[in-house]
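Heads up: the sequence lines are chains W and B, in that order. Be aware that the first sequence starts at 0, since it is given in numbering that gives the first Met the number 0, and climbs by one per residue. Be aware that the second sequence starts at 0, since it is given in numbering that gives the first Met the number 0, and climbs by one per residue.
A hint or two may mislead.
To be verified - Below, in silico cross-link-like pairs of lysine-lysine (DSS-like), each with a Cα-Cα straight-line distance of 27 Å or less: (1) 3/W - 386/B; (2) 559/B - 47/W; (3) 563/B - 3/W; (4) 355/B - 115/W; (5) 115/W - 279/B.
As the list claims (entries may be wrong) - Now the in silico label distances, taken between C-beta atoms and shown as ranges: (6) 732/B - 93/W: 46 to 52 Å; (7) 615/B - 86/W: 23 to 29 Å; (8) 462/B - 39/W: 46 to 52 Å; (9) 110/W - 494/B: 28 to 34 Å; (10) 86/W - 524/B: 50 to 56 Å; (11) 93/W - 532/B: 30 to 36 Å; (12) 494/B - 42/W: 29 to 35 Å; (13) 694/B - 35/W: 49 to 55 Å; (14) 110/W - 693/B: 47 to 53 Å; (15) 615/B - 28/W: 37 to 43 Å; (16) 532/B - 35/W: 32 to 38 Å; (17) 564/B - 28/W: 20 to 26 Å; (18) 28/W - 532/B: 20 to 26 Å; (19) 564/B - 86/W: 37 to 43 Å.
If you're looking for bench data, these hints aren't it; they were derived computationally from the structure. Ideal Cβ placement from N, Cα and C applies to all residues, glycine included.
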Amino acid sequence: MNSKTILIVDDDTAILDALSSMLISEGYDVITDTGTDVLNKVKGYLPKIILLDVLLSGRDGRAICKKIKQQQNLKTIPVILISAHPQIRATYKEYGADAFLAKPFDIDDLLDLIQKYVK
Amino acid sequence: MVKILAIFLVYFISGKLGLQLASINPSATAIWPPTGIAIASFLLFGYRITPAIFLGAFFVNSTITGFTITSLGIALGNTLEGIIAAYLVNKFANGLNAFDKVTDILKYTILAAILSTMVSATFGVTTLLLSGLTTLHSYFSVWITWWLGDAGGALIIGPLFIIWAAKRDFLWKRREIYETFFLMLALAAIAILVFYGLFPFPYLCFPVLILLALRRDRQEVTAAIFLLCAIAAMYTLYGLGPFAEAGKTANESLLLLQLFMGTISVTTLIVAAIVSGQKKGKEVLEESQRYFKSLIEKSFHAIILINRTGNITYVNSSTKKVLGYNSGEFIGRRIFKFVHPNDIPYVTGLFGKLFKNPGKSIVMKYRFQHKNGSFIWLEGSSTNLLKDKAIGGIVISFRDVTDQKHAEELKEKMATIVNASHDAIFTETIDGIVTSWNKGAEKVYCYKASEIIGKSISITFPKDRMHELKQMINTIKQKEYIDNYEAIRIRKDGVLIYLSMSISAKKDKSGRAHEVSVIARDITHEKDLERQKDEFISMAGHELNTPITAISVYSQTLQKHFDKKLDQESGIYLSKMNDQIRRIQRLIRDLLDISRIRLGILTFNYIRFNINTLVKEIVEVFQYVSKKRIIQIVGHEDKAVFGDRDRIGQVLTNLLSNAIKYSGDNTKVIVKISSDEKEVILAVQDFGIGIARKKKEKIFERFYRVQSHDKTLPGLGIGLYISFQIVEQHKGKMWVESTKGKGSTFYFSLPLKRN
Numbered sequence: 000m001n002s003k004t005i006l007i008v009d010d011d012t013a014i015l016d017a018l019s020s021m022l023i024s025e026g027y028d029v030i031t032d033t034g035t036d037v038l039n040k041v042k043g044y045l046p047k048i049i050l051l052d053v054l055l056s057g058r059d060g061r062a063i064c065k066k067i068k069q070q071q072n073l074k075t076i077p078v079i080l081i082s083a084h085p086q087i088r089a090t091y092k093e094y095g096a097d098a099f100l101a102k103p104f105d106i107d108d109l110l111d112l113i114q115k116y117v118k
Numbered sequence: 000m001v002k003i004l005a006i007f008l009v010y011f012i013s014g015k016l017g018l019q020l021a022s023i024n025p026s027a028t029a030i031w032p033p034t035g036i037a038i039a040s041f042l043l044f045g046y047r048i049t050p051a052i053f054l055g056a057f058f059v060n061s062t063i064t065g066f067t068i069t070s071l072g073i074a075l076g077n078t079l080e081g082i083i084a085a086y087l088v089n090k091f092a093n094g095l096n097a098f099d100k101v102t103d104i105l106k107y108t109i110l111a112a113i114l115s116t117m118v119s120a121t122f123g124v125t126t127l128l129l130s131g132l133t134t135l136h137s138y139f140s141v142w143i144t145w146w147l148g149d150a151g152g153a154l155i156i157g158p159l160f161i162i163w164a165a166k167r168d169f170l171w172k173r174r175e176i177y178e179t180f181f182l183m184l185a186l187a188a189i190a191i192l193v194f195y196g197l198f199p200f201p202y203l204c205f206p207v208l209i210l211l212a213l214r215r216d217r218q219e220v221t222a223a224i225f226l227l228c229a230i231a232a233m234y235t236l237y238g239l240g241p242f243a244e245a246g247k248t249a250n251e252s253l254l255l256l257q258l259f260m261g262t263i264s265v266t267t268l269i270v271a272a273i274v275s276g277q278k279k280g281k282e283v284l285e286e287s288q289r290y291f292k293s294l295i296e297k298s299f300h301a302i303i304l305i306n307r308t309g310n311i312t313y314v315n316s317s318t319k320k321v322l323g324y325n326s327g328e329f330i331g332r333r334i335f336k337f338v339h340p341n342d343i344p345y346v347t348g349l350f351g352k353l354f355k356n357p358g359k360s361i362v363m364k365y366r367f368q369h370k371n372g373s374f375i376w377l378e379g380s381s382t383n384l385l386k387d388k389a390i391g392g393i394v395i396s397f398r399d400v401t402d403q404k405h406a407e408e409l410k411e412k413m414a415t416i417v418n419a420s421h422d423a424i425f426t427e428t429i430d431g432i433v434t435s436w437n438k439g440a441e442k443v444y445c446y447k448a449s450e451i452i453g454k455s456i457s458i459t460f461p462k463d464r465m466h467e468l469k470q471m472i473n474t475i476k477q478k479e480y481i482d483n484y485e486a487i488r489i490r491k492d493g494v495l496i497y498l499s500m501s502i503s504a505k506k507d508k509s510g511r512a513h514e515v516s517v518i519a520r521d522i523t524h525e526k527d528l529e530r531q532k533d534e535f536i537s538m539a540g541h542e543l544n545t546p547i548t549a550i551s552v553y554s555q556t557l558q559k560h561f562d563k564k565l566d567q568e569s570g571i572y573l574s575k576m577n578d579q580i581r582r583i584q585r586l587i588r589d590l591l592d593i594s595r596i597r598l599g600i601l602t603f604n605y606i607r608f609n610i611n612t613l614v615k616e617i618v619e620v621f622q623y624v625s626k627k628r629i630i631q632i633v634g635h636e637d638k639a640v641f642g643d644r645d646r647i648g649q650v651l652t653n654l655l656s657n658a659i660k661y662s663g664d665n666t667k668v669i670v671k672i673s674s675d676e677k678e679v680i681l682a683v684q685d686f687g688i689g690i691a692r693k694k695k696e697k698i699f700e701r702f703y704r705v706q707s708h709d710k711t712l713p714g715l716g717i718g719l720y721i722s723f724q725i726v727e728q729h730k731g732k733m734w735v736e737s738t739k740g741k742g743s744t745f746y747f748s749l750p751l752k753r754n
């Protein structure tokens, strides 16, 4: 239970790799998931922040976000929804998410956002 | 009153003259004109002149037998004779027209001249007998004398007065006067020769009389008969002529003469009646011929007459207008010579039928050669009037229908085209009731013509699009023409189809649209392909996005890496690489935006925002990047704008980017903000290459790009299209003003009010 653990959820492994490498080089610890086992990983690792892609193969990241936020012990973990569809920006709060980031994003913007939530 | 007096006098005088010839008995004469006068007077003036006749007869006889009962009796007989004769002639012999027809002449002769006179004779002689002025022995001969004398009067004097009274006009041509005079002279001469005794053959009078009857009117004929009578009577009285033979008494001679004269009179009158009837017939015929001719002449239609062999015998004046020929060039020629060779079998066939059927009419259409050589289409109605005396030919009335024929041919052609077309072509009333439906429409909509004609076109509208019918009706009433209208309709089997329609409305004389024609092309397949294409673009975009995102992350990470290591050179390379990566990302975003717009799934985030702030933000970014250019902001608008801030920013970015791209060497770019109460207008002005007028409309189309001479400036051209769509979605407008070589200004407006 590192204070710097970040959970990245995206169905594309290329993006998972890229983001992991970037975040690790910035000094964070990273756990990844393609969307199949998110809840368990969250329960297991209790990451400091979750980066959650909306469009997962066969699943909707927003539903997962909602599920996480319904759990008593997990709802304090900040969730950032990521999507290529800018219109999701309007509704991210309804799912309990704390922030929204549109793809493609500047990694500086991402890092700033993470900094905000991970002291 | 005057009439009665006149009749009385005439009767009296002629009576006196007649009685001068009385020989067998002072009161019975062989020549008694008054009978004729009486009959004529009763026929002409009716029974009210009875007093005149009675008094005349009374006074005449009084001079012989005194004012006695005898005279009364005789007068009564004479009066009755006249009344009875007039009555019988009116009832059975056509009254005053008794001398028009042969049968009536004969009836007159029998009724008036033979029978009625017996009344007078009987009355008269019986009265004489009773008065003792004659004996029973001589009753018969006196009676005969009386009777024949009266008969003569009826046959010679009666017609004279009756026919002369009917004479309407006294216009004689000079020729006629000479002829009449000459003939009368001849008659008189012959009469004198005959009755003087030189050529005592009374039948010699016939030729001249017949000639007169044939050539002259009946008035002259009766006058001639009278003349002959007078001459003959005169000579016979003196014992001369063929009737005054030795041994005969004066009375006998005069009676024979009377017989002769009576016969001649009847015969001549009969001939005259026949001739007159013929003349009248001829006149009537000529009159109707003249009437027809004038009708034909005055007609607007071209009318020609052809005879049995097809030769043209008459042409009216309108013919020249239609066919160009003068009558001289036409008359005598065969009509078939002018008919187009291809139409000759048809025409000759129909004419053949027509010739065989008098009175029948046939309408024909054929080509006829105009004077100028070209063939025109004529529609002719031909009537067989060969048997009609007034016409005696075939009347053809025709008009030039070349225009109609061409219009018909064109209509047929159009109908063929319409029917052969695969597109749906149909017509409807202004309220949408289908009036015609081609084969193409049957294929497209799956409704057969019989199933949909008379019904409303709305049965092809999906339930959620019914309102479109009213909209379309209103638009067509104003605009008369809608082109490239895309709509979704529903087939008979319930399948939805995409159609591209052209709709036009026909206006009637009062200027109101009354019939609507629609051509609809089924573009469902094309739409399908388009959708597949757009879905493919969307999919491709998404697919591309993923690796690009990864690359972007790595590349940015690398850059940070090199920055930390203070490797400036590598950092610069990576920085440039990152710029390009961002560019690709923008392009992919544009692609995705387009596909979303096309698929109708692009959604906006409407909020109220300050336009000035947005403009400043974006200009700052551009100014920072394009240090060569000077971007000036002019104007200010404090009212909040309602819209998707990011998307509006996208539009402004796109316009500024284009402005800079197409500025060429010019450095200035102006952004203007202005507004009125309804909307805010933004303008981005550059002073670069400008856009040619022709290309201005096209630049908002999807992939069009303005060419700058040989250089083709980079860009997919999607940006402007997307900007246009975004502005349209906001219910705003986008337009451009430009002069080639001087620069362009792109405008877009945003409504201030929330829609």
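Hint check results:
1. 3/W - 386/B: 126 Å, violated
2. 559/B - 47/W: Since the Cα atoms of residue 559/B and residue 47/W sit roughly 24 Å apart, the hinted pair holds (cutoff 27 Å).
3. 563/B - 3/W: 21 Å, holds
4. 355/B - 115/W: Roughly 115 Å separates the two Cα atoms, so the pair is violated.
5. 115/W - 279/B: 132 Å, violated
6. 732/B - 93/W: 46 to 52 Å: 34 Å, violated
7. 615/B - 86/W: 23 to 29 Å: Holds, since residue 615/B and residue 86/W (Cβ atoms, about 26 Å apart) stay within the stated range.
8. 462/B - 39/W: 46 to 52 Å: 49 Å, holds
9. 110/W - 494/B: 28 to 34 Å: 54 Å, violated
10. 86/W - 524/B: 50 to 56 Å: 31 Å, violated
11. 93/W - 532/B: 30 to 36 Å: Given range 30 to 36 Å: holds, Cβ gap about 34 Å.
12. 494/B - 42/W: 29 to 35 Å: At 51 Å between Cβs, range violated.
13. 694/B - 35/W: 49 to 55 Å: This hint holds: roughly 53 Å between Cβ atoms.
14. 110/W - 693/B: 47 to 53 Å: 51 Å, holds
15. 615/B - 28/W: 37 to 43 Å: For residue 615/B and residue 28/W the Cβ distance comes to about 41 Å; the hint holds.
16. 532/B - 35/W: 32 to 38 Å: 33 Å, holds
17. 564/B - 28/W: 20 to 26 Å: Taking Cβ atoms as reference, residue 564/B and residue 28/W lie about 23 Å apart, which means the hint holds.
18. 28/W - 532/B: 20 to 26 Å: For residue 532/B against residue 28/W, whose Cβ atoms are near 45 Å apart, the range 20 to 26 Å is violated.
19. 564/B - 86/W: 37 to 43 Å: The hinted range 37 to 43 Å holds for residue 564/B and residue 86/W, with Cβ atoms some 40 Å apart.
Consistency with the previously given hints fails for numbers 1, 4, 5, 6, 9, 10, 12, 18, ordered from lowest to highest.
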